[in-house]
Amino acid sequence: MSRTTPPTDGAIPLGEFSFEDMAKITLDAIGDGVLVVDPRGDLIYLNRMAEKLTGWSSEEALGRPVEQIFFIFDGVTRERAKSPALRAINEGRIVELALGSVLVRRDGSDIAIEDSASPIRNRFGEIAGAVIVFHDARQSGDAMERMHHLAQHDFLTGLPNRMLLTERLTQAIGMAVRHRKQLALLFLDLDYFKEINDTYGHGVGDHLLQEVAVSIEACVRGTDTVSRHGGDEFVILLAEIEERQDAIHVAEKLLAQFAMPRIIDGHELQVNLSIGISVYPENGADAQTLMHNADSAMYTTKGNGRNSYRFFETVS
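To convert, note that position 92 of the sequence shown is 92 in full-length UniProt numbering; the numbers rise steadily by one, no gaps.
Derived from the structure by calculation, the hints contain no laboratory data.
Here the structure is a predicted model, which is why all the values come from computation and not from measurement.
Here are the simulated distance ranges between beta carbons: (1) R78 with T223: 36 to 42 Å; (2) D206 with Q288: 26 to 32 Å; (3) H149 with G266: 29 to 35 Å; (4) H149 with M260: 29 to 35 Å; (5) A29 with H202: 39 to 45 Å; (6) R138 with M260: 44 to 50 Å; (7) R138 with A285: 40 to 46 Å.
Pairs of lysine-lysine residues, derived as DSSO-like cross-links and limited to a Cα-Cα distance of at most 27 Å, are as follows: (8) K253 with K302; (9) K52 with K82; (10) K253 with K194; (11) K181 with K253; (12) K194 with K302.
Even for Gly, the Cβ is constructed at its ideal location relative to N, Cα and C.
Model the full structure from these sequences, guided by the hints.
Here is the structure:
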């Protein structure tokens, strides 16, 4: 017969806990606040996160009407909202708080929350209370903001990606139309980057790309957009330029910036640029055409000695 060896580290086996104990341990471990009320709406349980969010301890809160502990109002109208727990009990259904609901904590401060309340039914199907599950809405907002940022930016360099550049380019075209201005798109490719990657490894290549991103940003205005298109390609949007000379000035500034070798992880590397330029409106009236024409001009630059720049019309 097998025997269960008792733990030697002082831990209590899970089997020693009652179902009620296990439920409490689980509820105290989750990141949402949980409140449970009886059919009258009096509080009979709150977990640790609910204590933290409301500012009430279990000892102080138990037995009180839930609306005393879970006091909420509409963040827009500033009107007090009816308890979702009482609504769930009275209506016999799941109730969700309106977007922008605010919880008043015990100390008078308030926080935006998101929550839902569900009726609790006994084994006969009768409503025996309700449970509220809620959390700090700022956490959801922060997470959504981070996800939105990641979706629009290159992970390695932190620069806007192709999607965000296309969005900004489309907006810039609209502004250029209204203000009767020009704009320029510079398509950059690092010369011999593949050879550097193959010789020194991807770690050095990644660090080089990060430094290149910083160097490119140093050559443009704060209102311009520098983006990475993947690999060793970068694109610069110069919004609302007065004349082609403005694009030439930036291109020459970039070539000068990359004229000197740079030290990456102890290796002296010479990195040059091939640049293609398209100008709105003469080289295209939409984002896709301008991008294609700048790319085409860049490849012509690479085929004519590299480390230089060319406008699209010079190759058409």
